[in-house]
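Student: Using this note's numbering, the first residue of the sequence shown is number 66, and each one after it goes up by one.
The set of hints was computed from the structure by calculation and includes no laboratory data. A portion of the hints provided could be inaccurate.
Computed Cβ-Cβ distance ranges for the label pairs, DEER-style [claimed, not checked]:
id, residue 1, residue 2, range
1, ILE85, CYS191, 48 to 58 Å
2, PHE68, THR98, 44 to 54 Å
3, LEU77, GLU164, 27 to 37 Å
4, THR153, VAL74, 55 to 65 Å
5, GLU150, LEU77, 48 to 58 Å
6, THR155, LEU90, 25 to 35 Å
7, ILE174, LEU78, 15 to 25 Å
Simulated crosslink set (DSS-like; lysine-lysine; CA at most 30 Å straight-line) [to be verified]:
id, residue 1, residue 2
8, LYS95, LYS178
9, LYS170, LYS72
10, LYS192, LYS173
11, LYS192, LYS170
Positions of the beta carbon are idealized from the N, C-alpha and C atoms, including for glycine.
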Amino acid sequence: MLFLVYKIVVILLIVVVILITTIRLAYQKKIRTLSNKIDSIQNSLISSLKNEEKKELNNRSEKIFVDFKKILENTYSNHVISSQEEKTFTESLQPTFNEILSLSKRMKIFYIKPSENMIKYSEFFCKYTTL
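Using the sequences and the hints, build the whole thing.
Tutor: What follows is the structure, given as structure tokens:
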């Protein structure tokens, strides 16, 4: 009888370990997908810059949303941003931010850290959408 209980406990532990590993791998895959999505957003904004500014950003070694502030400033330099433009800009970034926020909350349960891209994007979104 005791041996049977021992077997059941061992099997349950193995199943739990496999389940946690599978979930962690799925979250890692989701992190990569979101990082690629963030990169594509950044690249689309970079494409709207002038050639000199593009070269400067491409030459920088850290190309993770630290440049987003500069992209935003250059995109709207010498231009008064209307409330409609601000709303459109915010709405275009909101779904990705919501996805990052939701995923981050779930990842905390498994002690998984979000990527640097995700952190920078979230910081940027929070900072520049509350101006």
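Student: Keeping to a limit of 30 Å between CA atoms, is the pair of LYS170 and LYS72 held or broken?
Tutor: Violated. LYS170 to LYS72 sits at ~35 Å, over the 30 Å cutoff.
Student: Tell me if the straight-line CA distance from LYS192 to LYS173 falls inside 30 Å.
Tutor: Measuring from Cα to Cα gives roughly 23 Å; hence the hint holds.
Student: Hint says 27 to 37 Å; check whether the CB-CB distance for LEU77 and GLU164 agrees.
Tutor: holds (33 Å)
Student: If you check the beta carbons of ILE85 and CYS191, does the distance land in 48 to 58 Å?
Tutor: For ILE85 and CYS191 the Cβ distance comes to about 31 Å; the hint is violated.
Student: Is the hinted range of 25 to 35 Å satisfied by the C-beta distance from THR155 to LEU90?
Tutor: holds (33 Å)
Student: Does LYS192 pair with LYS170 here, judged by a C-alpha cut-off of 30 Å?
Tutor: Given that 30 Å is the threshold and the Cα spacing comes to 20 Å, the pair holds.
Student: Check whether the Cα positions of LYS95 and LYS178 lie no farther apart than 30 Å.
Tutor: holds (12 Å)
Student: Note whether the CB distance of ILE174 and LEU78 lies within 15 to 25 Å or breaks it.
Tutor: Holds - the Cβ-Cβ distance for ILE174 and LEU78, about 19 Å, lies within 15 to 25 Å.
Student: Could you say whether the range 44 to 54 Å given as a hint is met by the Cβ separation of PHE68 and THR98?
Tutor: holds (45 Å)
Student: Confirm or reject the claim that THR153 and VAL74 have a C-beta distance inside 55 to 65 Å.
Tutor: holds (57 Å)
Student: Should the hint that GLU150 and LEU77 are 48 to 58 Å apart at their CB atoms be regarded as holding?
Tutor: holds (56 Å)
Checked against the numbered hints listed earlier, the structure breaks hints 1 and 9; every other hint is satisfied.
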